[in-house]
Amino acid sequence: MQPMIKVENLTKRYAGVTALNGVSFEVQRGEIVGFLGPNGAGKSTTMRILTGFIPASSGRVEVAGLDVFENSLDVRKRVGYMPENNPLYTDMRVSEYLKFRSKLKGLPRSERKERIPEAIEMCGLKDVSHRIIGHLSKGYRQRVGLADALLAEPDLLILDEPTIGLDPVQIRQVRQLIKDLGKRHTILLSTHILPEVEMTCNRVVIIHHGRILASDTPENLMKTLNAGGLIQVEVRGPGSEVQAKLRTVENVDTLSAKVLEDGYVRVMVTPKTGTDPREKIYQSVSSNGWTLRELTRTRTTLEDIFVQITREEDEAEEERREQRRSVR
Amino acid sequence: MTNVPALLRRELNAYFASVLGYVVLMFFLLVMGVTFAVVVGYLNRGPTQFTAMKILFSMFWLPSLVVVPMITMRLLAEEKRAGTLEMLMTAPVTDFEVVFAKYLGAVTLYTMMWALTGFYVLILRHFSGGDAALDLGPIFSGYLGVIITGQFFIAVGLLASSTTNNQIAAALMSFAIVFLLLIVLNWMTFLFPSGPLGKVFHAISAFDHMEDFQRGIVDARPLVFYLSGTALALFITTRVLESRKWR
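Order-wise, the sequence lines are chains H and C. For the first sequence, counting from 1, position 263 maps to 263 in the numbering used here; every step adds exactly one. For the second sequence, counting from 1, position 157 maps to 1157 in the numbering used here; every step adds exactly one.
It cannot be assumed that every hint is accurate.
Once the Cα atoms are required to be at most 30 Å apart in a straight line, the calculated BS3-like pairs of lysine-lysine come out as [stated by the list, open to error]:
1. Lys6/H with Lys1245/C
2. Lys99/H with Lys1080/C
3. Lys99/H with Lys1199/C
4. Lys1245/C with Lys77/H
5. Lys1080/C with Lys138/H
6. Lys258/H with Lys272/H
7. Lys1080/C with Lys77/H
No lab work stands behind these hints, which were simulated from the structure alone.
Kindly produce the complete structure, drawing on both the sequences and the hints.
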């Protein structure tokens, strides 16, 4: 089956600025893909190209097998899009707005009658459907944007920062909604909030400075990049001796120790890649007769990975620049 | 063009969802009402060579200069500023449909405003004792004149609105262009009453055209001039809107 989104070697240059530089990725049908990157990484630009709002400078972009530039109108019919900051006509009532949008999306009257109440129901807008959008809270407006995106039952939902500016309760609601929608639609959503991706997405595409740095499931990213995380050990014993002993434990790479006020020593152990020396650490501690009160493995979060990847990229970039300078 | 009805309806609703539609309407009716009252008072003094409606139509420059910038400034500039243009243009509608619906919306409002002055005709008719004293021909052609010139200025105002995301800038721009096309061109006809240049100025001066329309003369040349001018302005507006794609 052809992928829902196929982006090949996409480049976008604005006057003097390269926003996207040879971006390629695919999204399969039924996937929820998180587009992750710091502000200005090129997320919104990619989405605008996917929805046909602006064209690419070069490269190929297909949605459901259709070229987004050549078949722009057909593509737009298949895509439900919620732009950044969710712009809406604030002078319209919710139901009025959805009616207007469904007409634009070419839904025949009979379908409109079904789809509008359905979208209102699904997004929890029933209580506010008669209210003017400009008078609604940000959370409700966000749902109006989502309801609009859903109206024509599009194959693909593209949501640009769907939870930005919401309070924690609203964020949770919108995330749940997205998860539910993922059962029926393919979703590409962008965010710079990492837990969001971990919670909602099957796959993460990390973009930075207009380039794709990684694309994988959150779990795989953690597996390949985290190298086991850190192990925190708290032992009651003489500081330097504890440190010396633990350093000799099998598979321990490096460690740092700190003597706590209550007589315990906190040791942070970095294990060798792909190993788990916790058992050996316990044995070492107990064979010395010390008391052990904590032995935990700190889980690397997507946030760590993200910081790591983008920093590596920045350093590589810096190096390339350095080299160019020295060549000159 | 299948999306034009839905878009047009939205445009008309937008005028009256904000205070703008009412303010513009109030301004127009105030100016026209005062003018009408003064004119009728003047005509009561004795016979003149003017008719009341003729004087009213000769006021057409004021709505063109003031009302047109007010009803066109928001059209595209506000969509750009608020970002709603992105919503609009990622729906399956073409750029021209959007431009045309916005033009039609403004023209409809403008026509509605002038249509309200139809009450003056009814009042005149009631007090002047029937059709004999009130020549309907020049009245119809006068209305044709104000609408045909107005719709052209609206297209120009829409073009101005497409070039910026600032409503005030758009309003000033369209005011400046309409001022040039209307007032300055009229002055030119005074500066060059004859000669080849004078001929050109007379041929494209809206005041000259309106002079004819008020008298009941419907010449095809101004009609073609304004409609092709509108077509050109709408075409350029669509291009400006599309320019996001090649900038």
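To see whether the hints hold, each was checked on the structure:
no.: 1; hint: Lys6/H with Lys1245/C; verdict: 21 Å, holds
no.: 2; hint: Lys99/H with Lys1080/C; verdict: 22 Å, holds
no.: 3; hint: Lys99/H with Lys1199/C; verdict: 53 Å, violated
no.: 4; hint: Lys1245/C with Lys77/H; verdict: 19 Å, holds
no.: 5; hint: Lys1080/C with Lys138/H; verdict: 20 Å, holds
no.: 6; hint: Lys258/H with Lys272/H; verdict: 21 Å, holds
no.: 7; hint: Lys1080/C with Lys77/H; verdict: 22 Å, holds
Of the numbered hints listed earlier, the single one contradicted by the structure is hint 3.
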